[in-house]
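Student: These protein sequence lines map, in sequence, to chains D and C. Numbering of the first sequence is given in our numbering, commencing with residue 88 and proceeding in unit increments. Numbering of the second sequence is given in our numbering, commencing with residue 28 and proceeding in unit increments.
Bear in mind the hints are in silico, worked out from the structure with no lab data behind them. These numbers were taken from a predicted model, which means no experiment stands behind them. Misleading hints may appear alongside valid ones.
Label-pair restraints from in silico Cβ distances [as the list claims (entries may be wrong)]: (1) C:Asn39 with D:Ala159: 39 to 49 Å; (2) C:Ala41 with D:Leu161: 23 to 33 Å; (3) D:Thr167 with C:Ser30: 28 to 38 Å; (4) D:Thr202 with C:Pro106: 37 to 47 Å.
Cβ atoms here follow ideal geometry from the backbone N, Cα and C, with glycine treated the same way.
The residues making up each chain are set out below.
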Amino acid sequence: GAVVSQHPSRVICKSGTSVKIECRSLDFQATTMFWYRQFPKQSLMLMATSNEGSKATYEQGVEKDKFLINHASLTLSTLTVTSAHPEDSSFYICSALRLAGGPGELFFGEGSRLTVL
Amino acid sequence: AQSVAQPEDQVNVAEGNPLTVKCTYSVSGNPYLFWYVQYPNRGLQFLLKYITGDNLVKGSYGFEAEFNKSQTSFHLKKPSALVSDSALYFCAVRDQAGTALIFGKGTTLSVSS
């Protein structure tokens, strides 16, 4: 099946620094990617929809200046957590949409665990 | 707006017994329904999906789910549970092509030996 790679898988940073998480579709082109956030033992909450070559669409309540999303190529979307604080500590998961007729298929990365000290 | 409900936070079954993890959904159009499993500190693993066609969908690792339009349900089932099935299970829905998945809150399945 298709592969979506996330990097880094784990990152620890100091409060106030910025952290970039990469999401790559390794064997298909993805014009659309999605970013989710998951708190411990909770569901995945959709943060934003990332569209190649255009601005991301953020869900209500998600700070666009806090969570910068860039989708500069058909295989790469990045999420930058700016001026991170401990409350931003979470598990971030990306998903890439592969269109092959019909509704398309979504493939998920392995997730990135962010810990802000 | 689309939504998914998983009414049980946890389901406990004994190994060898059948298991059911419940899911109901709400969408404005035709639903695309999915089940995923997540192990600790890992991403999501796809189990099965319903797009159209036969209401009974068979998926990975012996799991199956039945789409019931009148009850707006998509319960996950397995005839004989394994200890290794213990994990967090998510039901998810999309209401049209190209949109993101909306997830239920998840159900923790615990299979005892």
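Student: Of the hints given before, which are not true for this structure?
Tutor: 2
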